[in-house]
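Protein chains in written order, with our numbering: chain A, 1 to 327; chain B, 1 to 129.
No wet-lab data here; the hints were simulated from the structure.
For clarity, every value in this text was computed on a predicted model and none was experimentally measured.
It is possible that some hints are incorrect.
[Stated by the list, open to error] Across the chosen pairs, the derived CB separations fall in these ranges:
#1 Val112(A) x Val28(B): 18 to 24 Å
#2 Ser41(A) x Glu30(B): 43 to 49 Å
#3 Arg71(B) x Ala143(A): 30 to 36 Å
#4 Ala104(B) x Arg45(A): 50 to 56 Å
#5 Ala80(B) x His277(A): 45 to 51 Å
#6 Ile127(B) x Gln273(A): 35 to 41 Å
#7 Phe304(A) x His72(B): 28 to 34 Å
#8 Arg45(A) x Ala63(B): 37 to 43 Å
#9 His72(B) x Leu124(A): 21 to 27 Å
#10 Ile281(A) x His72(B): 35 to 41 Å
#11 Ala80(B) x Gln273(A): 56 to 62 Å
#12 Phe103(A) x Pro84(B): 56 to 62 Å
#13 Glu57(B) x Gln114(A): 32 to 38 Å
#14 Arg74(B) x Ser205(A): 46 to 52 Å
For every residue, glycine included, the Cβ atom is placed at its ideal position computed from N, Cα and C.
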Amino acid sequence: MIRFIQSFMCVFLGGLFYIIPNMTRRGILFTVNVPPGFRESPEGRESVSSFRRLLGLVVLIDLLAITFSPMSIMAPVMLISPLLIIAVAAWGFVRQRRKIEPFAVARTVWRVRQAELSGQPDRLPWFAWLGAFPFVFLAAAAAYLYANWDRIPAEFPVHWGPSGQPNRWESRTVHGVYGPLFFAAELCLFFVALALAGWYGARRSYMRRVILGTMVAVEFMLGLLFAGIAINPIAQFPIWAIVLAPLAAMGFIVIVAVNRIQETDEAAEPTPQEFWHAQIIYYNPGDPALLVEKRTGMGYTLNFGNVWSWMLMAALVAIVGTIPILL
Amino acid sequence: MGASIRYDPESGVPAIRQITDNLRVLLVEERLKPGAQLPSMRRLAMELGVHFGTVAEAYRELAAEGWLDLRHGRGATVLARSAPSIRRKAWLDEFRDRLRGLIAQTRAGGAPGDEVAEELRTAAKEIAR
Numbered sequence: 001m002i003r004f005i006q007s008f009m010c011v012f013l014g015g016l017f018y019i020i021p022n023m024t025r026r027g028i029l030f031t032v033n034v035p036p037g038f039r040e041s042p043e044g045r046e047s048v049s050s051f052r053r054l055l056g057l058v059v060l061i062d063l064l065a066i067t068f069s070p071m072s073i074m075a076p077v078m079l080i081s082p083l084l085i086i087a088v089a090a091w092g093f094v095r096q097r098r099k100i101e102p103f104a105v106a107r108t109v110w111r112v113r114q115a116e117l118s119g120q121p122d123r124l125p126w127f128a129w130l131g132a133f134p135f136v137f138l139a140a141a142a143a144y145l146y147a148n149w150d151r152i153p154a155e156f157p158v159h160w161g162p163s164g165q166p167n168r169w170e171s172r173t174v175h176g177v178y179g180p181l182f183f184a185a186e187l188c189l190f191f192v193a194l195a196l197a198g199w200y201g202a203r204r205s206y207m208r209r210v211i212l213g214t215m216v217a218v219e220f221m222l223g224l225l226f227a228g229i230a231i232n233p234i235a236q237f238p239i240w241a242i243v244l245a246p247l248a249a250m251g252f253i254v255i256v257a258v259n260r261i262q263e264t265d266e267a268a269e270p271t272p273q274e275f276w277h278a279q280i281i282y283y284n285p286g287d288p289a290l291l292v293e294k295r296t297g298m299g300y301t302l303n304f305g306n307v308w309s310w311m312l313m314a315a316l317v318a319i320v321g322t323i324p325i326l327l
Numbered sequence: 001m002g003a004s005i006r007y008d009p010e011s012g013v014p015a016i017r018q019i020t021d022n023l024r025v026l027l028v029e030e031r032l033k034p035g036a037q038l039p040s041m042r043r044l045a046m047e048l049g050v051h052f053g054t055v056a057e058a059y060r061e062l063a064a065e066g067w068l069d070l071r072h073g074r075g076a077t078v079l080a081r082s083a084p085s086i087r088r089k090a091w092l093d094e095f096r097d098r099l100r101g102l103i104a105q106t107r108a109g110g111a112p113g114d115e116v117a118e119e120l121r122t123a124a125k126e127i128a129r
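Bound-form chain B, shown alone (with noise of 0.2 Å):
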């Protein structure tokens, strides 16, 4: 079976969100290869029951990044993307400030320290192999 992505319309986070995140969680962890092909954009907001629009800014702004080629007629491809150079302090304020955010609202919402503290273990290990 092939990759997927999942959406909540229950879990508070805009579709938009959801859906760009998905999809690049698949494609930083190249679950999603270069020359992959996605479906097309009506087909995938059918499949998850969103507006059509919000699928083409997922793939607008996934398309930005240097993630996606998107061809008329051709839908998405997946491009092979070398990650940009950033100064480190630029990406490790942001990237605490954020995690931290997340943590802070998935505790609030009832998740136990200590499990998110796992989850965060094994997140750490899968980067690091």
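Same shape as in the complex, but just chain A (with noise of 0.2 Å):
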């Protein structure tokens, strides 16, 4: 079972590598900005598919690993399997940045703003409202719980070794089965916050709108992970299912997202060079927007200039510090 849900999240990770050149706006391969039908050029299929061929190699090399490796050492090869994905991806990813430099074109700089003077109210698109969902999830699993609590074991397992055994466990108290749902609804919370951040908060734009449903499909996702994990005392799902279900949910985020993004040829937005500092933190006290658009083409990044940008960053850490004391 082990050797199934190792192979499984090293060939997940391997696939979120693998559709990282389709994760820009269709200007941006590798971060570098091409011409328009450069992904469909001879050295833009090139650059992108030695990316993958690599890739596929070093997943394929860790799926032996697994597969063969006897149970003495599978510790430490559960531990290097992903390593080595991730060390991989990021050089061939760095190396590809290099080859396809020379095709590169200048960045859209920072000149004209243009506004539409629509006074249509900024509405939420429908989906939006697809984040109220958790919720109602969490607390129908506590609802459910409450119902049941002669049914939940004095003693339940919440944690699992590599082997498959349990090895961490927790007792039937308000904090040990309500605690997974507690946290839940505080990282909902701050899903939902992150989202209305990116829609109230950025400039209008066609990533706005993919990048909100993002943040309410990740949101869903958790709140049903949650709600499942709270109720598995009772329940009894299969290990496997708690550990690759939210994989999958997330692959398949992903993979809409990535169609989304690739459905539209709107430029990237324009953002003052002079306010990015090592061209990953935005820091401009003179610009109202919250979220812009990273220049790197992959998603958005907090304006560090507002001060709203400060409260999120406190409250992410707020929820991170209630780990110790609800999970």
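With the hints as a guide, bring the two chains together.
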């Protein structure tokens, strides 16, 4: 079983890196601004294929190691196999970036910004309301546990080791039973805040919609996952389902998001170069936007010149701080 | 597509002037008609990447001129505005001074005189329509 789960995780990780070239707008490849149609050119296709061949090779090596290694060395194999994928993917990414840099075109320079003078209210898309459902799942799980309190074992496993055997237990107390639900509620609330910040705190664009959808989908998945974990002492789901279901859901979310990103030829949001630090940190107190599009083209990042970005960071730290208390 | 305004942070013209002047052009040319709702100050500031206060000041300036109705919670609405009566001498002197200043500034920035003249002729035709 452990070999199967580890193999799945390696394939999943490899799959995530496999679609990285498609996770940016069509005009950006391996963080390089490329001319229109470059992705379809022989050089563009070869660059992506070369990156993916390398990934395929390392995932294959990992799978062989996981399948044929004796159980005595399984722990280090489990640790090294994902790290190897990450390291090779990072190296391959940088290598391809260098290869296509000669084809780069000038980045859109912050010069003129245009705004439509529409008084239409900035209404949330319909799917944003799906963000309420995870709280329903969590509340339903809490009600189910309350109604079936006597069926909860006095002690139940909450963590499993590499061998698949439980190595941490929790007792039937309010803290032990409802802790994961409280934590999930915090997490879902944070994602709702992030989704709303991305909608009302970013400039209007196609990407804003994609980011909102992704946030809601992740929150949806987290709500379901934690509701499942919370009722597991009674429902007794198989361990592989608890591990693999969220990975499969994440994979689905990423694939849908990538397809949506590739559907637009909209230009990337221009932001002034002088406010970017190391190309990844945006600090512009003069820009009221809370979230701006990353220079790498992969999603959005916070404008640390906006005080609300620090509130969001503080909320995240507070949530992480509650892990030892609630879980 | 509806009316839109542009903001160039490198033009040397303050943001408040660019936004107010851009909006006034749209109002005078009736590309923003009476009853039209403008974006909220926060949204316009976000889209243009300027301080909220800059847009608020631009809206207030146009409201003071009678172009906009600013009601709390309702955003900005374009008003039907009749041009106030003004003595010919008063506006003409000021207009000439400002126009000359603008032409001089544009030409000093490298714009060819014949192209500036052509633009003025086009603008004159549009006004006369």
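Can you let me know if the beta-carbon spacing of Arg71(B) and Ala143(A) is within 30 to 36 Å? Violated, at about 46 Å.
Assuming the hint says 18 to 24 Å, is it satisfied by the Cβ distance from Val112(A) to Val28(B) or not? 22 Å, holds
Taking 46 to 52 Å as the hint, is the beta-carbon distance of Arg74(B) and Ser205(A) inside that range? Violated - the Cβ-Cβ distance for Arg74(B) and Ser205(A), about 26 Å, lies outside 46 to 52 Å.
Is 43 to 49 Å a correct range for the gap between the Cβ atoms of Ser41(A) and Glu30(B)? Check passed, 48 Å falls within 43 to 49 Å.
Determine whether the Cβ-Cβ distance between Ala80(B) and Gln273(A) falls within the hinted range of 56 to 62 Å. 44 Å Cβ-Cβ, so the 56 to 62 Å window is violated.
Taking 35 to 41 Å as the hint, is the beta-carbon distance of Ile127(B) and Gln273(A) inside that range? 40 Å, holds
Is 35 to 41 Å respected by the C-beta to C-beta distance linking Ile281(A) and His72(B)? About 37 Å separates the Cβ atoms of Ile281(A) and His72(B), which means 35 to 41 Å holds.
Would you say the C-beta atoms of Ala104(B) and Arg45(A) sit inside 50 to 56 Å of each other? Taking Cβ atoms as reference, Ala104(B) and Arg45(A) lie about 55 Å apart, which means the hint holds.
Can you let me know if the beta-carbon spacing of Glu57(B) and Gln114(A) is within 32 to 38 Å? 20 Å, violated
Take a look at whether the Cβ-Cβ distance between Phe103(A) and Pro84(B) falls inside 56 to 62 Å. Holds: the Cβ-Cβ distance is about 59 Å, inside 56 to 62 Å.
Between the beta carbons of His72(B) and Leu124(A), is the distance compatible with 21 to 27 Å? Holds - the Cβ-Cβ distance for His72(B) and Leu124(A), about 23 Å, lies within 21 to 27 Å.
Do the Cβ positions of Arg45(A) and Ala63(B) conform to the proposed distance bound of 37 to 43 Å? Since Arg45(A) and Ala63(B) have Cβ atoms about 56 Å apart, the given range 37 to 43 Å is violated.
Comparing the model with each numbered hint stated earlier shows that hints 3, 8, 11, 13 and 14 do not hold.
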